[in-house]
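Protein chains: 2
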Amino acid sequence: MHYKYDKIGVMLKNKDKTYIPEGFLLSAGEAAIKKPGKKDIALIYSMTEANIAGAFTTNMVKAAPVRLDIEKIKSGKGQAIIVNSGNANACTGRKGMKDVAETASLMAKSLKINPSLVYVCSTGVIGTPMPMEKIEAIIPVLTANLGRASLCDIASAIMTTDTFPKAISKKVKIKSRTGTISGICKGAGMIAPNMATMLCFIMTDIAVEKRTLSRALKDSVKKSFNRITIDGDMSTNDTAMIMSNGALGNSEIKENSASYKIFKNALDEVTYELSRLIIKDGEGATKSIATEVNGAADEKEAEKAAFSVANSSLVKTAIYGNDANWGRIMAALGYSGIKFNEENVSIHLGNIKVVNKGTGTGKDAEANNYLRNNSEVSILINLNKGSASAKVLTCDLTEEYIRVNAEYRT
Amino acid sequence: MHYKYDKIGVMLKNKDKTYIPEGFLLSAGEAAIKKPGKKDIALIYSMTEANIAGAFTTNMVKAAPVRLDIEKIKSGKGQAIIVNSGNANACTGRKGMKDVAETASLMAKSLKINPSLVYVCSTGVIGTPMPMEKIEAIIPVLTANLGRASLCDIASAIMTTDTFPKAISKKVKIKSRTGTISGICKGAGMIAPNMATMLCFIMTDIAVEKRTLSRALKDSVKKSFNRITIDGDMSTNDTAMIMSNGALGNSEIKENSASYKIFKNALDEVTYELSRLIIKDGEGATKSIATEVNGAADEKEAEKAAFSVANSSLVKTAIYGNDANWGRIMAALGYSGIKFNEENVSIHLGNIKVVNKGTGTGKDAEANNYLRNNSEVSILINLNKGSASAKVLTCDLTEEYIRVNAEYRT
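Line by line, the protein sequences give chains A and B. Just so we're on the same page, this note's numbering is the position in the first sequence counted from 1, plus 69. Just so we're on the same page, this note's numbering is the position in the second sequence counted from 1, plus 69.
The hints are simulated quantities; they were obtained by calculation from the structure and are not laboratory data. A portion of the hints provided could be inaccurate.
Because identical chains cannot be distinguished in the list, a pair is counted as satisfied if it fits within a single copy or across any two copies.
Cross-link-like lysine-lysine pairs, in silico, DSS-like; alpha carbons within 30 angstroms at most [claimed, not checked]:
(1) K426 <-> K323
(2) K349 <-> K244
(3) K104 <-> K330
(4) K373 <-> K203
(5) K369 <-> K408
(6) K104 <-> K369
(7) K373 <-> K408
(8) K426 <-> K164
(9) K203 <-> K432
(10) K164 <-> K330
(11) K146 <-> K460
Here the structure is a predicted model, which means the values were calculated and not measured.
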């Protein structure tokens with residue numbers, strides 16, 4: 070097979086240029102799983118067999134594609150990922166498992182590669198059988214169109230309630246060569262600790278040894294996708310995958326090397342930026358909220374406290390209403406399950422200290438103004454107990470969230 | 070002191086008659102803590118020293134009155150409870166503690182009883198110092214008006230965002246005599262496991278031994294107030310108290326007696342009914358949702374699963390939208406932290422089986438109709454694993470919840 074290789078830089082809302090890493094070809098199509106007129110399926114293809122790693126939902130209820138991918142990825146090898154939106158293929162029983170295996174097999178046949186190298190991902194409504202005749206019909210189209218889609222095109226094709234496509238690229242110098250790490254993702258609702266209804270696909274032309282790749286991804290996900298929350302719900306389908314095809318020609322990066330550090334830093338930037346875009350696009354959100362807890366005994370405690378505040382409906386609605394109601398932050402800290410002395414707690418909203426030693430400083434009006442004038446706000450909490458900290462990203466809770474989710478299937 | 074004793078039966082929305090048990094006098098007043106024109110303070114007084122028991126918030130951040138009451142109630146004795154709305158006296162530091170002690174002391178002086186017998190409860194905004202001059206001014210008024218308020222009057226005085234007062238009475242035959250158990254409560258928002266921003270006061274003229282009273286209350290609260298959730302938030306102030314003054318003249322009820330069983334059953338009915346009223350009045354709620362999990366390995370597991378579903382914003386918005394989106398119920402079960410096999414799960418909405426063996430039955434349209442036509446809906450889940458079960462009450466999540474909570478302090 071021969072494909073014309075396109076390197077397309079697309080402009081995103083956030084004005085970042087994105088590049089497809091060397092040796093990857095993309096394709097997007099309309100399988101009519103979603104309403105007509107919308108792209109709903111994408112193919113990510115590496116021209117050579119690649120190293121691959123993944124992180125998957127910890128939900129006990131796992132979609133059929135997730136179950137398949139978890140098994141396959143043990144090999145550490147992959148070459149293609151087919152992703153559809155509109156149907157999650159979750160809670161679909163044996164038929165779901167059969168359908169996902171067939172999808173991988175049909176895709177492999179069309180690409181003339183081994184089915185073990187093809188991964189399948191899905192997002193959308195739970196409990197509806199996958200329309201296999203539509204999948205079967207679109208597969209040859211996806212293959213034929215390889216190389217004609219940009220990162221943005223495939224990011225658009227996998228959207229559900231997202232309002233904009235999410236893609237990011239990072240150039241990285243590894244010794245004398247400049248490689249690329251690019252990622253796309255989808256998010257919107259049902260985002261919670263441990264990567265909920267979140268799909269993320271990262272491609273790189275930098276050669277990374279397969280166990281090192283897996284370690285890097287898992288560690289990176291922990292501080293990015295696993296530290297965002299929109300509504301506390303966690304999905305059956307979330308998946309983050311990374312493919313490294315080595316098209317850059319560098320010698321395989323191994324852990325604890327100087328190159329690993331450089332690669333890992335760039336990967337962390339990519340996953341963090343993608344997380345930030347997911348929060349920015351939280352269903353109905355008008356504000357992003359960074360909740361940072363400092364002075365905790367350990368990181369786990371800091372994370373627990375930060376998530377408790379970030380998941381509080383009362384905190385989120387107060388921020389939406391530009392109301393510096395720090396009592397709700399104190400209450401959410403109090404029921405987080407961690408131990409602390411309320412007399413030692415201080416809270417800042419932006420630069421304004423609203424709580425000192427557990428009681429109000431009388432600067433609520435000033436803090437209300439801060440909330441009114443900023444769409445990215447920060448809640449900074451100090452437990453004054455130890456030296457560990459954690460930051461969790463979330464968004465406010467609005468009437469629009471209710472509308473989007475009350476009418477999702479109608 | 071002499072008070073005219075009033076026994077007032079008031080009609081509630083739910084058409085139940087309520088009676089003040091023998092030997093109790095009630096009073097309500099306007100301290101102007103809330104906006105003028107609204108009653109915001111109440112006094113519950115027993116004409117004789119009573120046995121008293123309490124259950125309090127498990128939030129690490131505890132309001133000043135809660136801290137005081139937890140200490141006092143160790144004696145098992147009490148005679149008066151003064152309750153204000155509009156100000157929670159939480160996160161108010163040392164001043165808060167001083168204020169609550171002073172309130173108890175002033176109230177005791179006015180009633181000419183020992184300060185150790187006076188309990189103080191507060192609900193409202195966190196972090197604002199208590200306006201003590203207003204409390205001081207209203208205390209003699211409360212004393213002077215004792216006997217002039219009904220259960221409904223005091224239930225009204227302690228409301229915050231509640232839209233109706235909540236009171237209930239139960240007549241109980243103990244041997245040859247008929248006693249009364251009456252309770253009032255407030256709820257609305259910030260209701261979560263372990264009794265959040267919930268105040269509940271139960272009075273009875275039936276004599277119950279003090280340790281027995283405490284055991285009965287705690288057990289009763291576990292299956293009522295601790296099994297309701299509105300938004301998953303838990304407050305700094307929640308308190309449930311029961312006073313037993315023995316005015317009925319029965320011999321003190323002790324555990325494991327026949328009379329205990331009768332008393333406990335009636336108490337359970339009172340606490341369950343009050344919980345139901347709280348859910349009915351959830352902020353912005355249009356529907357009550359009973360989530361029952363059956364077939365769990367043990368009760369703790371059943372409770373965990375039921376709370377996970379009841380707290381899911383996505384489930385709550387789907388019910389609001391009359392959308393039988395059972396996939397969200399499956400997802401919430403999946404991230405609840407319990408272990409189960411999704412292929413064994415069945416789900417009913419009302420009488421309609423929407424999930425069998427983990428997959429859809431195709432009855433979504435029928436289930437949508439069920440949701441559309443009912444304001445009290447049930448989600449019945451069977452894990453088909455063991456024989457334990459638990460039921461949690463909640464309500465749907467609506468645009469109105471957002472409005473109420475975004476504008477609470479404005």
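Going down the list of hints, with the structure as the test:
no., hint, verdict
1, K426 <-> K323, "neither (47 angstroms within a copy, 45 angstroms between copies)"
2, K349 <-> K244, "neither (35 angstroms within a copy, 66 angstroms between copies)"
3, K104 <-> K330, "neither (44 angstroms within a copy, 60 angstroms between copies)"
4, K373 <-> K203, "neither (44 angstroms within a copy, 40 angstroms between copies)"
5, K369 <-> K408, "both (12 angstroms within a copy, 23 angstroms between copies)"
6, K104 <-> K369, "neither (43 angstroms within a copy, 43 angstroms between copies)"
7, K373 <-> K408, "both (11 angstroms within a copy, 22 angstroms between copies)"
8, K426 <-> K164, "between (58 angstroms within a copy, 13 angstroms between copies)"
9, K203 <-> K432, "between (59 angstroms within a copy, 24 angstroms between copies)"
10, K164 <-> K330, "neither (44 angstroms within a copy, 52 angstroms between copies)"
11, K146 <-> K460, "neither (33 angstroms within a copy, 47 angstroms between copies)"
Against the hints set out earlier in the document, violations occur for numbers 1, 2, 3, 4, 6, 10 and 11.
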